[in-house]
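A.B. asks: For reference, the chains in residue letters:
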Amino acid sequence: MKKWIMIVMLCCGVLMGCSEKTYEPRDIISETDVCKICNMSIVHNAYAGQIALKNGDYEIFDDIGCLMEYIKANGEDEIGAAYIKDAAKNEWIDVFKAVYVYNKDYWTPMNYGVVALDSKEAAQEWMTTEGEGQLLAYKDLHDFKWGIHK
Amino acid sequence: MKKIGFTLLFFLFMSQTVHADFDVQEAINVAKPGKVVHIPAGRYQGNFIVTKPITLQGEEGTELIGERDNPTLRIENTANVTVENITLSGKNKAIVASTVDGLELRKLQIKDVHTGVHIQSSKNVHIHDINVTGIEGHYSQKGNGVAVFKGEDITIEGNTIEQVQDGIYIEEVKHIVVQRNKVTSGRYGTHFMYTSDAEALFNTYDQNVTGLMIMMTTNIFLENNIVANHFDFNGYGMLLYDVQQAKIKHNTIKNNRTGVAMQKSANIQIETNDFQMNQTAIEGTKVSDDTMASRNNFTGNILTARSDKQGFQLVSNYYDDYSGIDLKDNGIGDIPYVAVSSFGQWMVRQPVYQYFVASPSVILLTSLDQQINKIEKNMLVDNTPKLAMKHENEKNKMNVVQMLLGLFLTLSSLWLWKRGITE
Amino acid sequence: MMYSMLIKLELKQMLRSRWMQLVGILFTFVFTAIVVIQQMALPDVDGFTRQTASFLNVLLFLLPLFILTIGSMSIAGDVESGWFSLLKTYPMTRTQYIAGKYIASVLAFLLVVVVAFGVILALGGFLGGVRLPFIFIILTLLCIFIFVSLAIAVGAFAKTRLFALSLSLVFWSIFLLLISYALMAIGTVVAGHILQKLTIIAIHINPVEWLRFGYFIFTDQASVLGPAFYKVTQFYSSPLGYAVYVAVTLLWIVFPLSYTSLLLKKGERR
Chain B
0 MKKWIMIVML
10 CCGVLMGCSE
20 KTYEPRDIIS
30 ETDVCKICNM
40 SIVHNAYAGQ
50 IALKNGDYEI
60 FDDIGCLMEY
70 IKANGEDEIG
80 AAYIKDAAKN
90 EWIDVFKAVY
100 VYNKDYWTPM
110 NYGVVALDSK
120 EAAQEWMTTE
130 GEGQLLAYKD
140 LHDFKWGIHK
Chain X
0 MKKIGFTLLF
10 FLFMSQTVHA
20 DFDVQEAINV
30 AKPGKVVHIP
40 AGRYQGNFIV
50 TKPITLQGEE
60 GTELIGERDN
70 PTLRIENTAN
80 VTVENITLSG
90 KNKAIVASTV
100 DGLELRKLQI
110 KDVHTGVHIQ
120 SSKNVHIHDI
130 NVTGIEGHYS
140 QKGNGVAVFK
150 GEDITIEGNT
160 IEQVQDGIYI
170 EEVKHIVVQR
180 NKVTSGRYGT
190 HFMYTSDAEA
200 LFNTYDQNVT
210 GLMIMMTTNI
220 FLENNIVANH
230 FDFNGYGMLL
240 YDVQQAKIKH
250 NTIKNNRTGV
260 AMQKSANIQI
270 ETNDFQMNQT
280 AIEGTKVSDD
290 TMASRNNFTG
300 NILTARSDKQ
310 GFQLVSNYYD
320 DYSGIDLKDN
330 GIGDIPYVAV
340 SSFGQWMVRQ
350 PVYQYFVASP
360 SVILLTSLDQ
370 QINKIEKNML
380 VDNTPKLAMK
390 HENEKNKMNV
400 VQMLLGLFLT
410 LSSLWLWKRG
420 ITE
Chain R
0 MMYSMLIKLE
10 LKQMLRSRWM
20 QLVGILFTFV
30 FTAIVVIQQM
40 ALPDVDGFTR
50 QTASFLNVLL
60 FLLPLFILTI
70 GSMSIAGDVE
80 SGWFSLLKTY
90 PMTRTQYIAG
100 KYIASVLAFL
110 LVVVVAFGVI
120 LALGGFLGGV
130 RLPFIFIILT
140 LLCIFIFVSL
150 AIAVGAFAKT
160 RLFALSLSLV
170 FWSIFLLLIS
180 YALMAIGTVV
190 AGHILQKLTI
200 IAIHINPVEW
210 LRFGYFIFTD
220 QASVLGPAFY
230 KVTQFYSSPL
240 GYAVYVAVTL
250 LWIVFPLSYT
260 SLLLKKGERR
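Residue numbers (numbering that gives the first Met the number 0), protein chains in the order written: chain B, 0 to 149; chain X, 0 to 422; chain R, 0 to 269.
FYI, nobody ran anything at the bench for these hints, they're computed from the structure.
Careful: at least some of the hints might be erroneous.
Straight-line alpha carbon distances no greater than 30 Å define the calculated DSSO-like cross-link-like pairs of lysine-lysine that follow [unchecked claim]:
#1 X/Lys90 / B/Lys88
#2 R/Lys7 / R/Lys264
#3 B/Lys35 / X/Lys149
#4 X/Lys285 / B/Lys53
#5 B/Lys35 / X/Lys308
#6 B/Lys53 / X/Lys308
#7 R/Lys230 / B/Lys35
#8 X/Lys246 / B/Lys144
#9 X/Lys263 / X/Lys285
#10 R/Lys11 / X/Lys417
#11 X/Lys263 / B/Lys53
#12 B/Lys35 / X/Lys173
#13 B/Lys138 / X/Lys285
#14 X/Lys31 / X/Lys122
#15 X/Lys308 / B/Lys88
#16 B/Lys96 / B/Lys144
#17 X/Lys285 / B/Lys144
#18 B/Lys144 / X/Lys248
#19 X/Lys263 / X/Lys248
#20 B/Lys71 / X/Lys308
#21 X/Lys417 / R/Lys7
#22 B/Lys119 / B/Lys138
All chains should be modelled from the sequences, with the hints used to inform the complete structure.
C.D. replies: Structure follows, in structure tokens:
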């Protein structure tokens, strides 16, 4: 009997241990992934975000606005890492280090008008092609008024 | 004789293409405002543009084919444009209209496109009797059937749309009516975003991921729609996210994974709908206290309602799994109907639990739940469950072959059984 | 010759038992009632609905219960009454005995099920609008194949009828209820992906879940199980997945029977 309990414990340990060291971003599965907050399926990959929780679960978001809403509701304590797609390169970048540009005319899946980029230079480049916008950092997103702006 | 036939055929064939000499763009350019430009039958390649109030009228066999990734037909900065009786195709968008006041699109066939109709910043738009068929493939690789961005006074009616991402996509529109459309095999049948004063009536949504997706919208009526067979991963009949003031009436919501889901919404009335054979009929999370489902019929749903701790109200609905009786004979059950179940709540919190839906263990648990929760007073409890429901029994035909087969099986196996014992 | 005699004899014993006859009547009655009432009352749609769910659940609740109790008591009774010792004096191998027992039990339960299905078909045909989906017939067969094998192992382990009965009940409740409840309880404290992995393990080590999972796979309704299981159901919906499904099912039949052989061998040596 003890042997069995040991095996079960071991299994659980292995299962939990698997994903605890690093928080790598995972790929989007377009068949099944939907935004945790608004339930929209992820079809515009260039704006998607994700949070790797400390317990190994992933939460997927379709827009930085939804991701921020999740953080606002649940706090940052459980977050192992958070990623957002670089709007220009379509690559995962760290939410906390990304540079954000806001312009109400930028289209995003939730139409919040905020896109993420990996550097100030990339942001400048983005603005030259897509139109002038307001530069934001991660901390500015907390009290950003999400929603459509007239 | 044969030769003449061939020549005739040749001319017939030529006469099809001869109109290709007809220069559509030139005809548009020379037309006076208010005039009708008639485009004869034929296939016209190119990217056309309309910037003045005219009517483009095709006939049977008139087809515009877009070149490269540009829209097939653009309508810009103008008023009172009508496009009718034309087939459009192209790689990217078939019709793009921007800043148009007064636009009518009717009797159009749009096929093999990424996006059917794309309208932005326009007013008084009437789209009716058009057909959009998208390309094959996964919906994440496609565009929308009819998309309206920023507009006012829009009517979209009697259209048939299939195989696109969102059948009808509406963003930032004031006053819109979507009626008698049929959307199948897309991602969302109709997708409202940031819209106010909207109506969706008499539409049919079948086998999309979600029938009606309504987000950040205020004041919407959803009536007499048929929403069926949305049972894929994450499928919903209707999903309301951040919606204020919605009336959902007289709809038939059938065989969906979740019939109606409400999230973060306020003041939603779900009345007199038929919920049939859904895995979950109604789901509510973070909805306001005034959200109410009343006088609906629930038949054959695995789970009638599930919610987070906040719950919503159930009033005077008919439930086919209600076990109470009506001694007072007033048409209302004597004991409350309790829809709350622990499993339903777990499933709301942790999606992985969906695996156990209607599994033997959960069935047992739920029936225990219903005994224990009889004392539940507040959440997901209907104190006046309706008993009778108008019954429209389909006449079942007797299947003689099946009956005889069954009889034969029964009798022969019983005979075998008896023989097995006695011999 | 000897061998078919044994099967006949076993089958006769099975069918003669009052218990088996009672089960036959009960099974037919419950099954027919649920199927006919549910299908008559509700509109006919494809997909996973309450009627298919209740059909599936009646199958998963009743059939394993009957098979485990009757099957295990039959073999335990053989050992207890000394019938097995008597048989050993005949020129017959242990494997032959087990295989004979297995075949006889499968045939007996098939007969019960055929009676029930026959009644459903007949009554359904008479009333109209009642169908018996093909997948349920397949599932019933698999259920009989797997659980007769398990019942024989349980009976051989128990060696007395009473112990066999109680042990079957224990197994039945573990398979049907306790594993699921344990998982659901664990799920309230661990992360979603761990619950998901544990559930996948449970599918493979619990024959009831295995059959239920098979139902969703083979009816192409894997989406009912939820997006968390997308990759697993994708795999099992592929040709390779089907092969694995068959292999695991065979394992569920062969493994308990070999274990029985081992148990009886030990008993011989003693």
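A.B. asks: Indicate, hint by hint, whether the structure satisfies it.
C.D. replies: Hint by hint, here is what the structure shows:
1. Pair hint X/Lys90 plus B/Lys88 holds up; C-alpha atoms about 24 Å apart against a cutoff of 30 Å.
2. Proximity of R/Lys7 to R/Lys264 is assessed by CA-CA distance (about 24 Å); at most 30 Å being required, the pair is judged to hold.
3. Among the hinted pairs, B/Lys35 with X/Lys149 is consistent with the structure: their alpha-carbon atoms are about 27 Å apart, no more than 30 Å.
4. Proposed proximity of X/Lys285 and B/Lys53 is supported: the alpha carbons are some 25 Å apart, at most 30 Å.
5. For the hint pairing B/Lys35 with X/Lys308, the CA-to-CA distance comes to about 18 Å; that is within 30 Å, so the pair holds.
6. Among the hinted pairs, B/Lys53 with X/Lys308 is consistent with the structure: their alpha-carbon atoms are about 25 Å apart, no more than 30 Å.
7. Restraint check for R/Lys230 and B/Lys35: the C-alpha separation of about 19 Å stays at or below 30 Å, so the hint holds.
8. Taken as a hint, the X/Lys246 and B/Lys144 pair is honoured in the structure, with Cα atoms around 28 Å apart against an allowance of 30 Å.
9. Proposed proximity of X/Lys263 and X/Lys285 is supported: the alpha carbons are some 5 Å apart, at most 30 Å.
10. Distance restraint check for R/Lys11 and X/Lys417: the Cα-Cα separation of roughly 9 Å lies within the 30 Å cut-off, and the hinted pair is therefore satisfied.
11. Taken as a hint, the X/Lys263 and B/Lys53 pair is honoured in the structure, with Cα atoms around 26 Å apart against an allowance of 30 Å.
12. Restraint check for B/Lys35 and X/Lys173: the C-alpha separation of about 28 Å stays at or below 30 Å, so the hint holds.
13. A hinted pair counts as satisfied when its Cα atoms are at most 30 Å apart, and B/Lys138 with X/Lys285 qualifies at roughly 27 Å.
14. For the given pair, X/Lys31 sits about 22 Å from X/Lys122 by alpha-carbon distance, which is consistent with the 30 Å threshold.
15. A hinted pair counts as satisfied when its Cα atoms are at most 30 Å apart, and X/Lys308 with B/Lys88 does not qualify at roughly 42 Å.
16. In summary, the hint linking B/Lys96 to B/Lys144 is supported, as the alpha carbons are separated by about 20 Å, within the 30 Å threshold.
17. Taken as a hint, the X/Lys285 and B/Lys144 pair is honoured in the structure, with Cα atoms around 20 Å apart against an allowance of 30 Å.
18. Restraint check for B/Lys144 and X/Lys248: not satisfied, since their Cα atoms lie roughly 34 Å apart, outside the 30 Å limit.
19. Under the criterion of a C-alpha separation no larger than 30 Å, the hint pairing X/Lys263 with X/Lys248 is consistent with the structure, at around 20 Å.
20. With a C-alpha separation of about 20 Å, the suggested pairing of B/Lys71 with X/Lys308 holds against the 30 Å cut-off.
21. Using a Cα cut-off of 30 Å, the hinted pair X/Lys417 and R/Lys7 holds, with the two alpha carbons roughly 13 Å apart.
22. Taken as a hint, the B/Lys119 and B/Lys138 pair is honoured in the structure, with Cα atoms around 16 Å apart against an allowance of 30 Å.
Hints 15 and 18, counting from the list given before, are not met by this structure.
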